[in-house]
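Protein chains in written order, with the working numbering: chain U, 1 to 446; chain W, 1 to 446.
FYI, nobody ran anything at the bench for these hints, they're computed from the structure. Among these hints, one or two may not hold up.
Unchecked claim - To give an idea of the chain W side of the interface with chain U (calculated C-beta under 10 Å), a few residues:
no., residue
1, Asp23
2, Ala88
3, Leu285
4, Arg439
Note that CB positions come from ideal geometry on N, CA and C, so glycine has one too.
Number of protein chains: 2
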Amino acid sequence: MSTALLLRGGRVVTMDASRRVLDADVLVEDGRIKTVGRSDRRTAGRSKPTIDCTGLVVLPGLVQAHIHLCQTLFRGLADDLSLEAWLAQRIWPLEAAHTEASLHASAMLGAAELLLGGTTAILAMETVRHTGAVFEALETIGIRATAGKCLMDSPTSPAALRESTDRALTESVDLCGKWHGAADGRLRYCFAPRFAPSCTGPLLRAVSDLAERSGAMIHTHAAETPLELETVKRETGHDEIAYLDSVGISGPRAALAHCVWVDKDDIAVLARQRTNIVHCPSSNLKLGSGIAPIPEMLAAGCRVGIGADGAPCNNRLDAFSEMRLAALIQKPRLGPDALPAAQALELATLGGARALGLEADIGSIEVGKRADLIVLDLDGPHAQPDNADLMSRIVYSARAADVRHVIVDGRIVVRDGDLKTADLGAVRRQANTHARALRAKALNRL
Amino acid sequence: MSTALLLRGGRVVTMDASRRVLDADVLVEDGRIKTVGRSDRRTAGRSKPTIDCTGLVVLPGLVQAHIHLCQTLFRGLADDLSLEAWLAQRIWPLEAAHTEASLHASAMLGAAELLLGGTTAILAMETVRHTGAVFEALETIGIRATAGKCLMDSPTSPAALRESTDRALTESVDLCGKWHGAADGRLRYCFAPRFAPSCTGPLLRAVSDLAERSGAMIHTHAAETPLELETVKRETGHDEIAYLDSVGISGPRAALAHCVWVDKDDIAVLARQRTNIVHCPSSNLKLGSGIAPIPEMLAAGCRVGIGADGAPCNNRLDAFSEMRLAALIQKPRLGPDALPAAQALELATLGGARALGLEADIGSIEVGKRADLIVLDLDGPHAQPDNADLMSRIVYSARAADVRHVIVDGRIVVRDGDLKTADLGAVRRQANTHARALRAKALNRL
């Protein structure tokens, strides 16, 4: 695609190393940021498609590093349950009931919500089957995504989702071959063991090798609940973070969602390993899991991203809700200056980029990076007065509905609040048809 | 005003005693709800102004029972500070700098945000001076409000805001005479001692008598921080809840914002007294105050409302953010079934109505009540699928931007997301002009 696009006249929050905020034009060419600065007014925009950003705020596209698109159709079907009951009574039966068509509908709905709310890139864990259907949806709708088939091969996994180690790995390798680097690099594959208790040691070790060989990320859950820690300890004899490291699930190639129940020593280890941690504050509250010690992790030098998790444990897929909540929930414990607004925005930009292994390509507005950009309209009364601190306005006041334009890889995917890459009405109808069928099939006894 | 309005074809969440959810038309006449049910299709709407609510959800207008409109212009000027520093370094100097014109602008901005986000009624505490300017704004913009001048007469109050007991009470009585029951009862007065440490015992006792005599509410803060409790104990020898009761600040006529630091005995007392508690979850997190034991209060039979507090400690005035957060923050402590969605919606409707002393008039959609109604559009991808539990969709997924129409006292104040009672552009310009002046005047050393 050899196209140019000019975002003219916005206030640009670069998230570069010196965190500059500039009144600048952003010129995009061939999917990458070509210049950031004042254009020559005589030539700028001449024959170039231009978005007028006067009075608007331009941000790097937000990154959510822990999402389950396959669960979007389960939103509102699994509220007010503990994680274990939530999984066993709702999520696993519903995932097992998915068809290719229902997964496609679920991914389209989730990705539509994400793009409309300013999330341009995700790290996604899907279900055991039909992951190709998710990639097809992602290819169509234009979000940047690193996604993987969920791996569950332990004897204690639910029968309806359990696979043999070989089958799980073979399908992963096939999917990686097909999708890793697809859509001009916008789509990537990740190896996605569900969590330690649902996977055998041989599977986890193989995943580590395969990820290394293919240059792919590993995406899993860790230390979400005390019960999970106890289970891993009982089954392996190890603490969970140490166990994951022993099977090669650690370091910059790994992204561990949650990490709520980690102690000082775990944090030091995670920092030293440069393992990515993905904070999911709404999910951790809604499932009663707890509050992850994110400021302690950041102080120790950990790499931390943020994510909404799946729709049934949030129930939004809204990076603005997550940033705001990430900042708020630490303050009763650590004081009101804990996790200030600017740091919350880092989690959703630079932190997310690292968790996707894409820090060279996304997460900030810098020349040479991929043009993943969002444009916010902060003119609403909820974001006035306009002389307030801009980070505060973005993190504490702004909301997903303030996103006006969204660009991924230089392509306008949302313009004036409208999704341009899919028919939203059709997405909604498909989603609702399949949600009804899944509910009838999986939860007919409830 | 002798007018009729028909809301036709919506899904109506009544919040009546049996919590019925009906496919029904709501007929409004003379500012009150005349019928709820299926209209005769031959006559319905004939010559009556009608809002087509097909596919939409009709709710009682949301009630926020702790708001400081005077602080709306301070949004984003006071982030990441403890309550005491926040008050002394930012809020008090800024409040002292307010003029009539800046207060009017602040109230218009806050009320515009509230109405656009589906809040139809508030209990407001303003600053020490110029409370009449706030009432004038409220009269214009059409929100239902019970508001009061802030009272601060203790020797430890900041000099720039401190008044003599007599002056504070005299002005309160004058304002009550002028505004209590104004705008056809839509506006009411409340007596608003800031909090126990800023008020003398004689003032608090007089407030209790005056409120009783004039049939007005008492609106104050209580038990927000441990430092506040210690101060009251040191100065009065009493625990705060007991002290407030000893000076007559208790019972159904009193609304105590926060009540974060209350124990089992306090809760039993508050329940027995039928004192209103106003939960402000965002504010309590952002200022690091803590998490109020709301499920324990509800189990004990306490009356509990909800509120955003002021813009600088939230930084939204968004009932949807508060409902969602109220439900989420209890779960790590008490389990994922604590404070389920339906209960969060009760706080923002019935609980708020009680905290305003208006439970006979608002808080539910029932024949004879005031027509304070909001209409939500849950068609956005973030609120799909549509077969999910409706309470879950409203509390966990919906957002302020989903509010399409707002009716207060039978008058359409927001239609299709547009404020009808004021020019939003002018509100924004006024707000920004005055915010700049206030900042220069009050915070020039910062």
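Structure-based check of each hint:
1. Asp23: violated, 18 Å
2. Ala88: This interface hint is violated because 14 Å lies over the 10 Å limit.
3. Leu285: holds, 4 Å
4. Arg439: Holds: closest Cβ of chain U sits about 6 Å from Arg439 of chain W, inside 10 Å.
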